[in-house]
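**Q** Residue numbers (my numbering), protein chains in the order written: chain A, 940 to 1623; chain B, 84 to 511.
Keep in mind that the hints were calculated from the coordinates and are not lab data. Values in this document were obtained by computation on a predicted structure and should not be read as measured data. Treat the hints with care, as some may be off.
[Said to hold, decoys possible] Listed next, the in silico SDA-like pairs over lysine to any residue satisfying Cα-Cα at most 20 angstroms (straight line):
id, chain 1, residue 1, chain 2, residue 2
1, B, 193, A, 1005
2, A, 1441, B, 426
3, B, 276, B, 393
4, B, 361, A, 1209
5, B, 481, A, 976
6, B, 481, A, 995
7, B, 361, A, 996
8, A, 976, B, 366
9, B, 361, A, 992
10, A, 1527, A, 1493
11, B, 193, A, 1209
12, B, 481, A, 1302
13, B, 361, A, 988
14, B, 406, B, 427
15, B, 481, A, 1032
16, B, 193, B, 161
17, B, 481, A, 999
18, B, 481, A, 996
19, B, 361, A, 991
20, B, 361, A, 993
21, A, 976, B, 290
22, A, 976, B, 312
23, B, 361, A, 1527
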Amino acid sequence: MKRVYAARVVTMLAVLVWMASWPAAGQEEADLYGQLKTYEFTQVRTVPAAIEADIRGATPERLAAIEARLAEVLEDAGATVAAKQFTCRMLRRMGTDRSVPALASLLSDTNLAHMARFALEANAGDAAGEALLNSLQILTGELRLGVVNSLGERRGERAVDALSRLAGDEDAETAAAALLALGKIGGKTSAKLLGKLANKSPRPPEWERACLDCGESLLADGQDSNASRLYRSLYAASAGPVRVAALQGLFAAGEKKAVASCIEILNGDDAALKQAVLRLARDVEGRDVALALIGELTGLPPEIQLPLVETYSALGATAAADAVAELSDSTNAGVRVAVCEALGVIGGASALDLLFPKAAGGGADAEAAYVGLTRLSGENVTKALAARAADEDLAVRRLAVRVLAARRSVAELPVLLAAAKDADNGIRRDALAGLGQLGGEEQVPALVALLVASDGSGDVAEALGGVYMRLDGTDAAATLVKALEGSSEPVRIALLKLAARKPGKEALAVLRAQGTEHGPKVEDLVFRTLCNWPDSSPAEQLLAVAAKTEDLTQHVLALRGYIRMAGLDRSVKMFRLALAACRRPDEKKLVIAGLGALKGEAALAPVLECLADADVLAEAGAVVLTKAERLSGQQPDVALDALDKLIGALDGAAEQTELKNRASALRDKIRPPELSVELESGGV
Amino acid sequence: MSEKRPVSRRAFLKRTTAAGAVLGFPTIIPARVLGAEAPSNRIVMAGIGVGGMGRGDLRNFLGQGDVQVVAVCDVDSRHREKAKAMVDGRYKNQDCRTYLDFRELIATEKLDAVHLALPDQWHALIGVAAARAGLDVYGQKPLARSVREGRTICRAVKEHGVVWQTGSQQRSGRNFRYACELVVNGRLGKVHKAEVGLPAGRGGGSTAPQPVPDGLDWNFWLGPAPWRPYCGFGPHWNWRWIMDYSGGQLTDWAGHHIDIAHWGLGVDRTGPVQIEGKGVYPTDGLYDVPTNYDFTCTYANGTTVQVADRTKHPMGAKWYGEKGWIHVDRGGLWAEPKSLLRERIGAEEIHLKETRGHHRDFLDCVKTRAETVAPAEAAHRSISVGLLGEIAMLTGRKIRWNPDTEEIHDDPGASALLGRPYREPWVL
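Excised from the complex, chain B in its bound form (with noise of 0.2 angstroms):
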């Protein structure tokens, strides 16, 4: 037995937090949140992207008692004027206040925070902004649309100092807390393979051009992707098939499942050092994501995550290691041997974050300013792995990965795809 006892992170915050509030420890509330700006001592926030994704974000924020929503942004004026509805209906007056460019939101408004749903497109572009800003940022999966931009989310998180949570809420399920503290508690013994299975893909798509909606800015939904017409999908689920908006279903659920897989295998700082799959394509119709998909990611201890549609694998996050295996999703938990399922966690063990809540998380680490469950780099972790298995899909060939520096060895076709260019006049 071990002579050391390390602190737990988890116990170490708890009791940082408690002896700052006995205290009075300034550090635990921001700045504006003490102030004069904010004398109610609410967190001040704005919603950028309140489609139906971000609507559902914000009657979160709403329905929490310490924030304060003053301003709503969206390029689609049908989905501001909802936002503006649902918050002036929450607040019993017409004080919310609507934008169009996000740019002019955080310029205008005195905030502590944002919640950002957008399509993947805008993702690091607006996230960064804010983080630059100051703001503190609930963004939705996928953190970034590219590996660069992923990495560029993170270091400006880091560089300002702010509280980033990402909207991979299975971290505050029990579930899957639960199954990830008795893989990393190694109630498996050594895992040697990580299965995930996502949603499959979609063909067809119409490519008829339609006439732009009344108060949709086309040109600023579109933002940095390459210009294209307008043909319904904009700013509606349907734009998650289309390559230069998302990765399809594989980005989009890369965020819950591989980043559980991840968070169970103590990786979510790290990241595989070889990529190399298939993917089906569609042949017709709009869409261009893959309908189907499958590979497999090597880490640098040997261990392999395999990322398939669920034609292949079962929906979730499945670890197999020496002494069986352990899957979870949504519908449950499993385990064999079933035994598995009634371990204890010691205390002396590793406990992973335990959340009141996913949004409520964001906030308590807002005034604690301790790291939430699903910190950028975590969520950067997890994205990248959809996002290189996306690039050894595109170019068929295996990718060597460094995790470290971030680079891909010796393909530079490859190298080229971890970026993505930006239409004028946006710079990242």
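Same shape as in the complex, but just chain A (with noise of 0.2 angstroms):
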């Protein structure tokens, strides 16, 4: 304890020690930022990284004290290289007024020019803005390629007329560089000076480049017909990717003969336009494009007019339905069915008459008119559809029945009840069909209905189902105990069915509920319903059954039935009760395979005392052996005891050989003979 003590006392004498140690804040301050004045590349970062973790969430004042330190590193002559590399790094998330002085100083400087041209790009001032300026007076080459392409990023308009001049330089880079960075600041005169350009010869490449970021600054600035002019210059004066870049730069900028351009991109042989152009019109922002081209969309190509169409159709675009169905006669299949599937979306009631009898024809051009019919939505549509649903013409009503079924819209449940009740079976099916799938509980009264007066049809019966199962649970045993009121043995049957659908403990108290008096199919039914219930829910019933029925075949799937549920639940209780239940080996047997399937000591024993019996010995050894094995490892004396139980079990079982043999194996394995002897001599 004294140890203790005395320990602990160093080790405060010692904190103490270097806590008088500390410099005070504004020497340790000097220290940290006089030290980084002799950082070297080859040093670890600790100095630096004490300096950002100072910068990170500095107060303002804090910030321009720093800002005032990390000046006097850049102005310092012996400071490294490293050190002021770093400096500016940091001055480029920091840096104002203060430091540009400093960070000018070092433009040409071939070592650390482009580190302060990092500071002086990032600050927004006027003062670093002027300071990249003035230097292009002096400094030459590379280094003035670099200023020129941070006035660039600055986009600042006061270096355009510095850089207009250096846009005509000798010197081709430096050209090239201040062609870049006028296209970057963009405006009115470098628009300007980019147009006059269009029509030299030879022009810089980057003159393409240029045009693009400038007209995008103007079409940003909202200068909308500088823009246009600047992209009609580049359209007209390149190929390729930058072709279609100006292409899509006319449509920004509203220029109309764009429109103009594409036609005659559409018809021409430059497939790498038309797939700028087609793919421009099947972006969302491309929509203008896409609506441009309604007008000629007849007179398109079928090659391109199948696209467009399909263009329209995932637009959206109702404004090119009328157009769109122009080309329902088209000589081109692909183009007829481009057109039915994308007037069911764009289409609307007017396209109805159309798209029906074309889906009543035959082929392809069916199968997409009915994919359209199915689409179509309007106010009028459904109108339109429960008036053919009611033709005379027996074609007429079917296809609308059909059409109605498929677009599953509550909106049409009245016209498929009323068609649910219509002379023609294809009708009937069609309309119950649909029913099924979107009826709900204001349906379940009708169709119960139509139940009844079919006397239990399975078509109805399947709608009604479709129905239920929507339902939630006490609701939908409520619509079975009303609809069962009454009811007919077919149509209590085919209700009864319904609960076996959808189990649950509501379904169960109305199968539960039903008596002997509505005969031997329905007890039958609610029997078997039970015997396959996916719970344990009916088990004590099944047992009580099982055990007492003196009819075979209940006594059977009874007992099947509550051996699943006991293996549901993993209950070696319900096993156990289930044996005694058993009155054949085959269904012993069934027991012990699902004993066998659990795990644990527990599920062992029932099976141990099934060795007995010569009938299932087979089974029950194979049992044991196989639990004997998984409980080797943890439970080695269980398994032992097991084992030993088996091996006496098959003493004289001639048949059982190659049983007992492994029985006999894996015993020797957990306890090798000869630990056998000196465990059973010495007693341990």
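Build the complex from these two chains, which are given one at a time in their own frames, with help from the hints.
**A** Next comes the structure, spelled out in structure tokens:
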């Protein structure tokens, strides 16, 4: 104890001595920024990291002080390149006008100019821009190129005059960089200069890039006409991907002639440009392009019409519906199919008259028209289809009901209910299929009435089943109870089958409430439904039947159901009860197999008991062996006991020699024979 | 029940492709594939950046029957030669051409597409150069090293109508797609939170300068990044622990699990409105990316996405909603209640794009011109979350973000970090 106390005192003293060695705040800062001046690339980043931490989250006042210290580093001729580079990096994050002179002085330093630009380029203040601009007068070569690039990135219009002069520089690299910078800065003056170069030959390749950048900045400033002029020059003078970009720019600038260019392209031979126009039209942002082409649709070649029609469909462009409909009799099959499908989306009620007769025909057109009809939306579509569903012409009625059923719209349910009473079997079936997929609680009474009227028809029961499956448990049970009141046997059977499709406590209560007065068929259905119940709720009832019934079939079904439920519950107790109710070896084998699937020692005991029954010895023995193998690692004693019992039971059972050998081998593996002797003699 | 049944984009594209094929519609094959330059009707490709990851992609593309790889490019001759050997071995010839400079490759070869696997500081420069040349691109994630670079890539892809697939291959995984479909179709009810768990970072790293290996152009490897002496990490895995080239595991994995979280939330074309959090930074050695990180993004509808390293969140994406949670990672798919995983996505519900494999999807889209499963815009929005988290942690301030204009409100210091200045002569 004394030793621990002494150690604590020593530790505290050491801490106090260490704290006394701390510098005052100002001294610490002086050391930190002073140390930075000698920082080399080869050193670990302790000092830079501490300065970064100092900057992170510093107050504005503190940042001003730090900036002054960093400027000192830059101004110190003895400071290392690594130190100054790091300093520039920090000033990029926090530099103001205060550090501009120190940074500007580095712009002619071959080693550090780029780092000084990093800080000045990011500094939004005018002083930084002026410093860069002034340096153009003294810099040459790559250093000047760097400054030109930085001026472009800063997008300051004050640099336009100087850059315009450099755009005509004898040095090609400088001229190219200046052009790019002018493009980025944009504005009217830059645009004018770039426009003048359109007819110059040879033009620097950077001119195209500069035009695109400049065009975008003009668009951003709302100078659409200037942008349009520039894009037009570029479109005329370029090819390939640049021409594509120019075309997009023309559209963005609202250039009416762009539509004419698009039509020209779509009718031309340049596949790349065709791709570009169609891609542009397909983009949501290119919606205006697609709409602009509506008037031209019918005159375009089929291979262009097809993707455009699909584009109108994808964009939901209802304005294109009439133009698309005009292509419904195209000589090109692909176009006709696309038209039918597209009209389903953009056509509205007016397309119904076109699509309905087509759907009644044959081939791919009919299929596409049918798809179109199933998609049509609009207030009058349902009304128009309902009228056709009541048409005297059977074929018209059939198609209308099939379409209505496939449309999956609740608004059409009354029409489908009416059609479910049609004299035609096919119409009834389609209508009921639709009702089954769409109907809700409101349709239940009508469907029950139909079920009663049809005396339990399968189609009606299926439709009712579809609705029933969407109701929640309580509502569904109430529906059943109500419908069962006074129902005939076939209707009752149809309704009770629904209970099996949606098992739950409410459905179970309905089934259990069925008395014997409804006849043997109902009784049998209820019994079999309980035997197949997905959980163990009716288990006790089944065990009672299995134990008492004299009907062998009932006994087998009930016992099998019970054994399955014991497996679901992983209940050894239930398996034991099942064993007691078994009348035949096959039944016992089922129980043994079920116990074999359970883990743990508890499931072993009833199987061991079965070893005494010669009729199931092989099955019980196999399960014991498997379980002993599983238990051998964690519970070797239990495994050995089970194996001893198994080997004992197999004594004299000649046909089970292999099983006995395997059991003996396992026993020896768990307890080697020599050790067995020792254990037996030593009594451990 | 709604009367309106819009056609899903998937069904639309499927029909377009099928009908186009029947009609011989010209847009399904790139011009150069149809033209005399590629009479074999194969997609002509090259690999740029063919280190370990790049050669993995290369192997995938070489295994596709409709691809012809004609060239490889890398600033390290060791990588170039290994990649060339793979290509030549596949075609049993010596025809694969090698390049050190990607600009020369793009200008010289007649290509349909390129695959890119580069250190992050190069992603935008080369990705944009390829797109501007009209080449379709399979680019490894993260999309870019800065938000501004990511937007420039998206713009170039859109401007020139090229196909872009980001290497966020989890989108082509069945489990990930199914998890996202469950979330996006409302099986969780209203989702109020998603958690994203990513690997933790690493400190340390030797600062000792080393001789530049033969065959490595170190200055070119650095490219637009600040100059520094070579000290062994260069063309190898460890560059990802240095902020000049990567944001560490955060940005490396943002393209996976943040991307999946976004996909499920249906926000992969927008972004958060506020980001706040803290990082732990190493104080010694060479590396400077956060070793641990934890930040929260809030979206316009109030949903939050919490991103942290795996010491706080389990790996993967996990969504929490009114009706339970769903968690997906490469190791499996879990839910509470478990019954959620028995749900089927109905015909009329949202079906996210299903692919025949991530590389295959890219090639299919090169032919159909359809959108890939991991397009540039979605990748940009995923990595933007990682990059904005990085800015919030670096500045120690709460970031207020406009996902439409992609600007930070009232914080010039933080705004300065949205882009990355380039060393001369590089310019985007």
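**Q** A separate judgement is required for each hint: does it hold in the structure or not?
**A** Hint check results:
| no. | hint | verdict |
| --- | --- | --- |
| 1 | B:193 to A:1005 | 53 angstroms, violated |
| 2 | A:1441 to B:426 | 18 angstroms, holds |
| 3 | B:276 to B:393 | 17 angstroms, holds |
| 4 | B:361 to A:1209 | 53 angstroms, violated |
| 5 | B:481 to A:976 | 31 angstroms, violated |
| 6 | B:481 to A:995 | 12 angstroms, holds |
| 7 | B:361 to A:996 | 10 angstroms, holds |
| 8 | A:976 to B:366 | 18 angstroms, holds |
| 9 | B:361 to A:992 | 12 angstroms, holds |
| 10 | A:1527 to A:1493 | 17 angstroms, holds |
| 11 | B:193 to A:1209 | 17 angstroms, holds |
| 12 | B:481 to A:1302 | 63 angstroms, violated |
| 13 | B:361 to A:988 | 15 angstroms, holds |
| 14 | B:406 to B:427 | 16 angstroms, holds |
| 15 | B:481 to A:1032 | 15 angstroms, holds |
| 16 | B:193 to B:161 | 25 angstroms, violated |
| 17 | B:481 to A:999 | 15 angstroms, holds |
| 18 | B:481 to A:996 | 10 angstroms, holds |
| 19 | B:361 to A:991 | 13 angstroms, holds |
| 20 | B:361 to A:993 | 14 angstroms, holds |
| 21 | A:976 to B:290 | 17 angstroms, holds |
| 22 | A:976 to B:312 | 18 angstroms, holds |
| 23 | B:361 to A:1527 | 67 angstroms, violated |
Comparing the model with each earlier hint shows violations of hints 1, 4, 5, 12, 16, 23; every other hint is respected.
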